[in-house]
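Protein sequences appear in the order of chains A and B.
Each residue of the first sequence is one higher than the one before, starting from 1 at the first, in the working numbering.
Each residue of the second sequence is one higher than the one before, starting from 1001 at the first, in the working numbering.
Honestly, I wouldn't trust all of these hints.
Short, incomplete list of chain A residues facing chain B, as computed with Cβ under 7 Å [said to hold, decoys possible]:
id, residue
1, Asn12
2, Thr59
3, Leu69
4, Leu321
5, Gln323
Far from chain A by the CB rule (all over 10 Å, computed), these chain B residues [said to hold, decoys possible]:
id, residue
6, Val1148
7, Trp1189
8, Asn1258
9, Ser1281
Taking lysine to aspartate or glutamate pairs in the DMTMM-like style, the calculated list, with each CA pair at most 25 Å apart, reads [as the list claims (entries may be wrong)]:
id, chain 1, residue 1, chain 2, residue 2
10, B, Lys1652, A, Glu140
11, A, Lys135, B, Asp1501
12, B, Lys1641, A, Glu306
Hints are computed from structural coordinates only; laboratory data are not their basis.
Backbone N, C-alpha and C define an ideal beta-carbon position, used for all residues, glycine too.
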Amino acid sequence: MKKNGTKESRFNLWWAQWLNRRLPPASRVTLAHKSIFILPTGFGLFWIFLVLILFVFGTNYQNNLVIGLSILLLSLFNTCIIYSYRNLAGLTLNASVSPQAYAGETLVFPVKLSSSQPQFEVLLNYPDNQMKVVKAIGKEPIVSLIPFDNLVRGQISPGRLKIESRYPLGLCRAWSHVNLNNPHIVFAKPLVSHSQLKSIDADNQNITGDRGMHIPGVDEFKGLKQHIPGESLKQVAWKQLAQGRGMLSKEFQQPQGEPHWLIIEDLNSPDLEKQLSELTWAIDKMSGRGQVFGLIIGRKKILPSEGDAHRVHCLQELALLPQYVEGDS
Amino acid sequence: MTYSSQEEIISRHSLLWLLIVNIAVLAPLYDKLTPWSMAICGICLVWRFGIFIGKVAKPPRYLVTALAIASAITLALVTSEIGLLNGLINLLILGYALKYIEMRNRRDVRTVVLVGYFLIAITFIDQQSIFYAVNLTFVTGINTCVLVSLYREDVKLKDTARIGFKLLLQSLPLAALLFLVLPRLPPLWMVPQQKSTQTGLSDEVSFGDITELTRSAALAFRAEFSMSPPSNQQLYWRALVMEDYDGSKWTQNSSIKNIEENTPFTTPRRQQPDGSSIQYSVIAEPSNQHWLFGLDAAFSSDTGIINLPDYRLYSVRTVDQKFQYHVDSYPQYAMDKTLDSTVRRLNLRLPDDVNPRAFELAQSFEERFPDPETRLSAMMRYFTEQPYFYTLTPPRVGPQQIDDFLFENKAGFCVHYASALTFLARASGLPARLVTGYQGGEFNQSAGYLSVYQYMAHAWTEVWVENRGWVRFDPTAMIAPERVLEGFDAYFQAQDSYLLDSPFSPLRLREFPLLNELRLTLASIDYYWSVWVLGFDKNKQEKILQKLLGKVTQQKIAIFMLMSITLIGLIIAYSAGLLHFNRGKDRVSTTYLRMCYLLEKKGVIRDKRLGPTDFCSIVEQAFPGIATDFRRFTHYYVALKYQPLSPHRRKKTVKLFLSQSRKLKLKIIKGKTS
């Protein structure tokens, strides 16, 4: 059994290497004769079997029309090979940016599909994942979201995308394995925990829980809001008024107090994953509240800031931390 | 990995196609269905339709199973009645209908489609006319469309049909080529045959039997001679030889019947005669009988044919579809120069106490003419000397049949005359026998073949004469010479005979010259179809390949096939939109650059740095004769190249640009530049 297993894996390795040489990873791939494989399906084999039966049938009855029918079906199979090829040839796949996702969720990889000639019923899937059926592809690119089940955080590469088609008669299966070179950073799975927030709060109990949050002020421009009669005319956004966007007033704010620091000190702790999950939850929570926070991971420091870009930056840093390995201190 | 279960559901579009294909496949098989199977097929179709319009639910599985078992049992019971092959066909049809009703996913649809193809093939066993071939090719197309519909769900019927039939049509050339080249094998094993009603001649003849055949305008067989065909009076197609007479009917002797029944296991007993021969091939229409047709002493070396000792041809299989064979006939050859004593006795035997007056007449002939040959000619003369009358509706005869005919009615048909002559010859001591077959044939000038119809059925006598063997004597020729010299139609009115029962026979068109020509043309097409498609065999294959390739060798065929397949593949690929010739090129730029090249030859060289407008002003100065035209040309070019245009505008502008270019070119070439 074991020997068999290694043999299989060796073949898989060889196959992957061969595919990498033949179809190198690229974010934009157009399928052509070099990248399309065609083999008959089970139904196609049955079809050939029927052709043989009809030929014998026609021969035994010395009936040329039955022989003719069997030959016609054989020829139809041949025509089908060309059409199967046609249904994938010229198909352009273009990887797009994936939406944010956490570990444990099903990822979706958007792929833009277009073709110079109409193509029908193309099936897309990542190995061991759900199939996505695209009914028709034309010149106008369409985006197909291909699911990929994933449990772990970090840089996830979905591997080779299988593109398959049995159009027009289901006799032949034309397929290709394309690596769209679209790795995606998956955030750690968030874990509800108030300990991080509490510990920060515990440091300075005399300061209210509003620490790190903004209060209305004069330091930073926050945005525009509807003007309320009676407000200072100094705050009216005159430029926007001239543009005909109505009477708006500028809002200002200022950060209140010291920013929060979220910290992981020991990167070799066995419960690193748990800490990461909790931090991920905390970051989302604080970001949602609009608080300013910074992140310290071992010796690395991300300066306090706020906003979605900052959140994503922090989550990515967490996601990409190396896994804890036992005995590795 | 396969489709998810949701994808396996059959779409409504496919269901509609399945409704169509069910009718299309089963309709041509109507004559094979027992009433039972027909009822079940009908129920299944109606149920399917109900499911389609949403009035009925799918049948529960146990119901389908119960129906299947019930129909299988019923079929097993009636199989002995309808024959094994018909039983199997009915079973397959029932399976098709029941699978059709309980179809649940795409896999079931594929099964139904495959069985559908097989049913189409089964239809071909019986139906081989051009009409059916075209019809069933169409059904094959519909069956293919069902498969296409699995992959195209949200489209119209028409779109699916277009793809399905396009695939089929594009497959036809390669199929035709393979049909030509693939080897033709002899039957690999014996297969069950259809149990059908026999048509044509029967193996026993009594007064009035052949009259029935003269009512039939159906084709019996066709013959094509390698030289010009013999005249009508020599066309005596022998089919059966009757040696036993019991006073009312003539039958084959048991010795010959034994040979016939044991045919697959006996070897041909007869040597090929020598002497000058007539070569021809015969395409027999399906008769579900074994006997074939040949002139005089006939010999065929085709497989599946037995050369019987009485110089007839016999098919090992029943002729249940068109059957073509080659014959050599030897008119000068004496059949049985020496007569075996048992055969002699057999051909002299007459039942006791039958036809005493005819017997007396024969005795008197014997006394008056001791020489057999003169006696026979005297007997033949007797029919003209006495007032005998040839009719298709003879009066009834009593138990002394030949006496009544010879001395009372004096009116009869070929069987009457042949029986009488055979009786007289035997009674006067000459071995004689009755032969049935066909006489004459209608010659189709354009295709060069003879058509022999059922109404040309005939009976005559063969008498054994010392040194000459069996000699043909046809008393009908004495009474109605036109019948033999010019054929059946010269003597009888078609309306009174073979057209009486067939109001729609194309033979009715004979009276109208133009329509008759059309009839003959259609008959010729049907003939070529029979010879070159239905009868396409090893010999014809060799002949055609020789014509195409010269001397046929394995390599030549391989190269020929390779080239043809490549060519066909390229054509299909091109029509599928896979090959692009010159499509990537920009037509507008090419036209403009060609114009510049033309002007360059006239002496105005365009500086590559100059834009089209600047170049235009240079050209205007150099060639004032084309100034306005070239300005307009440039204007279109600039518009196409640099202005955003709607697709419709763009198309229009390209058209204008091209026509302007043509106009300009013409002017430049004609030299109207200054």
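### Task
Identify every previously stated hint that the structure contradicts and give their numbers, smallest first.
Hints 1, 4, 5, 6, 7, 11 and 12 are the ones this structure does not satisfy, whereas the remaining hints hold.
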